[in-house]
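Model the full structure from these sequences, guided by the hints.
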Amino acid sequence: MNLAAVMDAISARLDTIAGLRCFPYPPAKLTPPAAVVSYPDTYTFDETYGRGMDRISLPVVVVVGKVSDRAARDQLGAYCNGSGASSVKQVLESGTYTAFHAVRVASIEFDVVSIAGVDYIAALFTLDIAGSGTS
Amino acid sequence: MTFVHSKTTVITVGGSDLSAFTNESSFGRKADKHDVTCYGKSDHVYAPGLGDGDFSMGGLYDNSVTGPRDVLEPLVGTMVTVIRKPEGTGSGLPQDSFSSLLEEYVETSPVADYVKWTAKFQPSDTVTSTNQA
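Protein chains in written order, with the working numbering: chain C, 1 to 135; chain G, 136 to 268.
Any given hint might turn out to be false.
Restricting the straight-line Cα-Cα distance to at most 20 Å, the calculated cross-link-like pairs of lysine to aspartate or glutamate (DMTMM-like) are [what the hints assert, rightly or not]:
1. G:Lys220 to C:Asp46
2. G:Lys251 to C:Asp74
3. G:Lys251 to C:Asp69
4. G:Lys168 to G:Asp260
5. C:Lys89 to C:Asp46
6. C:Lys89 to C:Asp69
7. C:Lys29 to C:Asp15
8. G:Lys251 to G:Asp152
9. C:Lys89 to G:Glu238
10. G:Lys220 to C:Glu47
11. G:Lys142 to C:Asp46
12. G:Lys251 to C:Asp46
13. C:Lys29 to C:Asp8
14. C:Lys89 to C:Asp15
15. G:Lys142 to C:Glu47
16. G:Lys251 to C:Asp128
17. G:Lys142 to C:Glu93
18. G:Lys251 to G:Asp231
Label pairs and their computed distance ranges (CB to CB) [stated by the list, open to error]:
19. C:Leu124 to G:Pro229: 24 to 30 Å
20. C:Ala4 to G:Met136: 37 to 43 Å
21. C:Ala18 to G:Thr201: 37 to 43 Å
22. C:Thr44 to G:Glu208: 51 to 57 Å
23. C:Thr134 to G:Gly227: 23 to 29 Å
24. G:Arg164 to C:Tyr39: 44 to 50 Å
25. G:Thr201 to C:Leu3: 24 to 30 Å
26. G:Arg164 to C:Ser94: 45 to 51 Å
It is worth saying that the hints were derived from the structure and are not from the lab. Where a beta carbon is used, it is the ideal one built from N, C-alpha and C, also for glycine.
Right, dumping it as structure tokens:
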């Protein structure tokens, strides 16, 4: 797998969610609601013999609005739902990709991130991606 | 002497290279033993018997025509030639070749992981262990 191509493909697919600004790498600044494809937690080589399969644990951070804002909770909820047009899991797992073979949205953790002095609620999605070790 | 990493292992079954879908394999050789102890002995005495062995492999399922399902499932219950190269392909590297009965092919589907497969073989007759040309 080509890491840059994988990150680009994930961002492009997320960009099909209406109203969500997507970045294939961490930007210098962003305006919520936004999704940022960050660098892998782990990039595991040699899942099979002969460079057959590699595996990437890739984080995607979705930032929506202020922690104290009820509308932000509702909006983040739509991204975190297991299904629906705005569901990150549904949208990513229903895509077709050439940069890798398969993606599973494995889990979400929630955190508060500070952007320009404002605390935003954020969802940290962990993607389990598998693809060829030689292309 | 150097340690050798398993990632370079190559395994072909019936001429199909399944290495790219395989992440575990085991090849064992053993021999029967015969107890030939007679009176007057304080300890058992053994004589060697026939050789035997076992071979198994497994890995990650792939839905291509060269993947384990399309290759192995039709071969269950048949004799196939297994070639195992524990250090990979290269001149002078070791290779085991043997005829083998493919006894079982199993696919498992853990809900939070990729589909996996295993296959169990019963080697039959002589194992040819050589260095690759």
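Open item on the list: Given the hinted pair Lys220 of chain G and Asp46 of chain C, is their Cα-Cα distance within 20 Å?
Closed with: holds (17 Å)
Open item on the list: Taking 37 to 43 Å as the stated bounds, is the beta-carbon spacing between Ala4 of chain C and Met136 of chain G within them?
Closed with: holds (40 Å)
TODO: Please work out if Lys29 of chain C and Asp15 of chain C have their alpha carbons no farther apart than 20 Å.
DONE: Roughly 18 Å between the alpha carbons, so the hint for Lys29 of chain C and Asp15 of chain C holds.
Task: Whether the CB-CB distance between Arg164 of chain G and Ser94 of chain C falls inside 45 to 51 Å - done: holds (49 Å)
TODO: Decide if the proposed pair is consistent with the structure: Lys251 of chain G and Asp74 of chain C, CA atoms, cutoff 20 Å inclusive.
DONE: violated (38 Å)
- [ ] Check the following: the C-beta atoms of Thr44 of chain C and Glu208 of chain G are separated by a distance inside 51 to 57 Å.
- [x] Given about 28 Å between the Cβ atoms, the range is violated.
Open item on the list: So if I understand the rule, the pair passes when the alpha-carbon distance is 20 Å or less; does Lys29 of chain C with Asp8 of chain C pass?
Closed with: holds (18 Å)
Open item on the list: Assuming the hint says 37 to 43 Å, is it satisfied by the Cβ distance from Ala18 of chain C to Thr201 of chain G or not?
Closed with: holds (40 Å)
Task: Lys89 of chain C paired with Asp69 of chain C [C-alpha distance capped at 20 Å] - done: violated (24 Å)
- [ ] Can you let me know if the beta-carbon spacing of Leu124 of chain C and Pro229 of chain G is within 24 to 30 Å?
- [x] violated (47 Å)
Open item on the list: Just to be careful, I want the Cα atoms of Lys220 of chain G and Glu47 of chain C compared with a cutoff of 20 Å; is the pair within it?
Closed with: Holds, at roughly 18 Å.
Task: 44 to 50 Å as the expected CB spacing between Tyr39 of chain C and Arg164 of chain G, which holds or is violated - done: With a Cβ separation near 46 Å, Arg164 of chain G and Tyr39 of chain C satisfy 44 to 50 Å, so the hint holds.
In the structure shown, a violation is registered for the earlier hints numbered 2, 3, 5, 6, 9, 17, 18, 19 and 22, in ascending order.
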